[in-house]
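K.L.:
What follows is each chain in one-letter form.
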Amino acid sequence: MKRTRAETDVSHRSISRRAALLGGAQLLFMGGLAARMQFLQVDQADQFRLLAEENRINIRLIPPSRGEVFDRNGVRLAQNAPSYRIVIVREDAGDVDATLTRLSQIITLDTETIDRVKEELRRSAPFLPVTIASDVTWADISRVSVNAPALPGVTPEVGLSRVYPQGSDFAHVLGYVGPVSDYDLSKIDDPEPVLMIPRFQIGKVGVETKLEPLLRGKAGAKRVEVNASGRVMRELDRREGIPGSDLQLSIDAKLQGYVQARLDGESASAVIMDCDTGDLLACASAPTFDPNLFVRGISSKDYATLTSNKYRPLASKTVQGVYPPGSTFKMITALAGLEAGIIGPDDTAYCPGHLEVSGRRFHCWKRAGHGWVDLETSLKRSCDVYYYDLAIKVGIENISAMARKFGLGIRHDVPMSAVAKGLAPTMDWKSQTYGQSWRVGDTVNVSIGQGFMLTSPMQLAVMTARIATGRSVEPRLVKSVNGVEEPSRAGEPIGVSEINMRRMRRAMYEVVNNRRGTAYGSRIIEETMRMAGKTGTSQVRNITAAERRAGVISNEDLPWERRDHALFVNFAPYDNPKYAVAVIVEHGGGGSKAAAPIARDITLQALYDGPPPLEAYPSKDREHIAEQQERLRDMQPLVSVPGSDQA
Amino acid sequence: MSYLEYAVKSTPTGWRKILHLNWPVALLLASVSGAGFLMLYSVAGGSFTPWAEPQMKRFALGFVLMIMVAMVPIWFWRSLSGVAYLGALLLLIAVELFGTVGMGAQRWIDLGFMRLQPSELMKITLVMLLAAYYDWLPARKTSRPFWVLIPVLIILVPVALVLKQPDLGTSILLLAAGGGLMFLAGVHWAYFAAVIASGIGLISAVFQSRGTPWQLLKDYQYRRIDTFLDPSTDPLGAGYHITQSKIALGSGGWTGRGFMQGTQSRLNFLPEKHTDFIFTTLAEEFGFMGALSLLGLYALIIIFCVSSALMNKDRFASLLTLGIALNFFLFFAVNMSMVMGLAPVVGVPLPLVSYGGSAMLVLLLAFGLMQSAHVHRPR
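Just so you know, the protein sequences line up as chains A and B, in that order.
So the first sequence is numbered by this note's numbering: it starts at 1 and just counts up by one.
So the second sequence is numbered by this note's numbering: it starts at 648 and just counts up by one.
These are computed hints drawn from the structure, not numbers from a lab.
Where hints are given, some of them may not hold.
Okay, the calculated beta carbon distance ranges per label pair [to be verified]: (1) E91/A <-> L733/B: 48 to 56 Å; (2) R239/A <-> L708/B: 51 to 59 Å; (3) P701/B <-> R13/A: 43 to 51 Å; (4) T660/B <-> L27/A: 33 to 41 Å; (5) T902/B <-> I242/A: 38 to 46 Å.
Far from chain B, by Cβ distances over 10 Å, these chain A residues were calculated [what the hints assert, rightly or not]: (6) Q201; (7) S497; (8) P611.
Model, not experiment: these values are computed from the prediction.
Idealized CB from N, CA, C, for every residue including glycine.
Just chain A, same shape as in the assembly (with noise of 0.2 Å):
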């Protein structure tokens, strides 16, 4: 090809012009891209920093420890102690079924958890740990951790449950901890993010729940780098967490296993009170159940077995169940009278066995009567007629006043599950409930405990408290947080003259201690330890005119459900009052017999701290309460004194 030196600079020139025009857009073009870079790398730089930060930073939680309880001597009541899982992690087994296959060799695994973790290994990243077992005894961690050489990729791990060592003497007290369930979660507005840890352990009954917020602690937090699978690489830092506070409850546990054991076999509860502090020194609810259970999972055929049980051990009776209090009731009806002016002490009532409001009659427990009675007669015998015809005087709302005066129809503050309020009612009350007017007949109904009048065990037991000190007692369950005391509850003088008091805890010390008190067989003979109270007998079924004229059926004739439930509350000494009881036995039949007894050797258990001598008993039952004792004491073995702890 040839070519003139005019073509080839023709050619040239044009070749040049285009060439300029290509390369000038390219650079033009490059201009553009570092303007690209200077908006993203410099522009924007904070911003994608940021999104880089979080690409690479993870935030893991570190779960606080959760704040123990002991009881008021020490005793542990609520531990966390050390469960133990074996873990597999597929990048280091290398061979996972011959791995497994070495482990089922070592420990014992059924082929249905050999393929579910086949399955969670083949699912999961190969760095994350799948568990093959939880709760795994000491002695298999033992096996796998010898055998570790052989078993790549197989660790134990040390995870915190909790465990109640005192078993099932605190369930009604303590509550339990679970895993957080999602209508825990949709219970709480902005729930912290510490409770989104698979197995982290809340309260979901009982002191566990109520103190919730001081026994879980704030969570701890460590900044993780984590590439894009999800790896930990390293950890950047970490902020510790604040670990729960440990709790002393006012509770014995000591009592309270004698409590618990004492009221084994019958649906009853009891509470045992500190008069002075109020401190709840054993509050125990019987049938009761293990705690243990719960936390693990309980299975479905333990908790039909729970729930079937027509003695209802999940209910915390203490506080929870709310009773007709019956004639536990007249030292209210009688302040009341007494306070108002209404009567006085010498005043006397005439009881031939019932009396007749507008028109209806009501009876006397003893259908003969009582004859001539005074105040302290009527107490210490149980008379009705007498309260009868004081109530018509006094109205219901000096009652009802009194009532709440001394801690009934209140709902006391008391960190435990379903506290109930009991109801101590009004004409107010009843019109606002039923949209009816009151009765007299009601008003003749509650003199005696009767009709609407309903209080718990633990109202009860505040009730004579108050009686037996003169104070405003309330009940105290948590003794110190982290070793700080609380704040006594010995509250301020009740407000009613000490005279009337005096004449009260006189009638009721008559009550136990006069040959024809209704409590005479349940007596103390120790001089030093004499109590007073109060029998109670509340009927749960209207006693028809034809029953009675037929004679009314002993309540061994009739069907459980429908017996009269059993009360008694008592204090001790007499002269230095010390501790205030209730005791409700459900559907026990009169309270003489069924309640009296078992607050008599409660009181004794505290009064002396242990089992008390036989020497306080009088002679004729010496014998039996030496049997019982002995019963007992193999019934409760699991309390242990600290430091010779059994972990």
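Following the hints, put chain B in place on chain A, whose structure we already have.
P.N.:
Just chain B now, kept in the frame of chain A:
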């Protein structure tokens, strides 16, 4: 006697040619490759294996090859351009038939010691053939329709083959480089205007028809186009790469996190961190200053090539040099646009920096041709 034959007499001969190489370009290529070695060392977590060491060996081989190619007179290469084009075309057909499937596309022929990507080879041979064609074609015939149709076919046949692999990125590069060369050769403006206008017309017709009864594409095809054009509509699929890439780039700031301190690529948030997205690692670790410096090196290579072409009075040499420079430009411009979220992700590596054997060897061979053109230019 042609001007060319006359002028050749004054060109250097023997070992003296080495002194007459375009050394600024050679050194710039070496420094860009050096930046690549650093980045490959860094993304491997501070290790020469598995990427930095093979890359360095290939660069050494390629650099020697470049000088060897440069020693051979440019007119020899011109005479070879037709054969080379046909050879590359045959290889493209061969890869279609017996190629290895990698990353969902047939791109390689396994030669045992290395994997050959014929589409890379085609980038050079296409430019060579077109330059030779326009060197042979009298200037007055350049814009006649028949003589325009021939180069169009020369371009479209390999583009179609590459598109079938499928390798959209490379076929766009081939199309753009071929078109660019025709533009440089002086084909009349009207052709380009017509092609661009009808292209715009077609695209707008496709989009305008959407939702109408005479819709030109199926609905799912439109959705695919949507994701392609705006990956943020699919943040966990196609959008993931580009979002992560922008995060890595942006977090570099002015001066970067420092060598080996980049978090995003080292923690595997970035895909293809050692190939297509290696620029993000560089930008994260060395910041805006580092990224701009690399762009500056690239710009200098283009400037030196263009000025060498303008100095060169031989039409073939001049067109070839410009074509190689254009190819090189398209390479990094598309890659950078892609990782900075300006263009869809099409799978174009960053020249000389991304890990890849045949791309680097072919590029250095191409620069060998450019050097030969420079050394043997008429004086």
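K.L.:
Given the range 51 to 59 Å, decide if the beta-carbon distance of R239/A to L708/B lies inside it.
P.N.:
55 Å, holds
K.L.:
Range first: 48 to 56 Å. Now tell me if the beta carbons of E91/A and L733/B are that far apart.
P.N.:
Since the Cβ atoms of E91/A and L733/B sit about 52 Å apart, the hinted range of 48 to 56 Å holds.
K.L.:
Indicate whether the distance between the beta carbons of P701/B and R13/A respects the range 43 to 51 Å.
P.N.:
Holds, at about 46 Å.
K.L.:
Could you let me know if the closest chain B CB is still more than 10 Å away from the CB of Q201/A?
P.N.:
About 34 Å separates Q201/A from the closest Cβ of chain B, which puts it past 10 Å; holds.
K.L.:
Classify the label on S497/A as holds or violated, using whether its beta-carbon is more than 10 Å from each beta-carbon of chain B.
P.N.:
80 Å, holds
K.L.:
Quick check on a hinted range of 33 to 41 Å for T660/B and L27/A, using CB atoms only.
P.N.:
36 Å, holds
K.L.:
CB of T902/B to CB of I242/A, is that within 38 to 46 Å?
P.N.:
With Cβ atoms ~41 Å apart, the hint holds.
K.L.:
Could you check that no beta carbon of chain B comes within 10 Å of the beta carbon of P611/A?
P.N.:
69 Å, holds
In this structure, none of the earlier numbered hints is contradicted; all agree with it.
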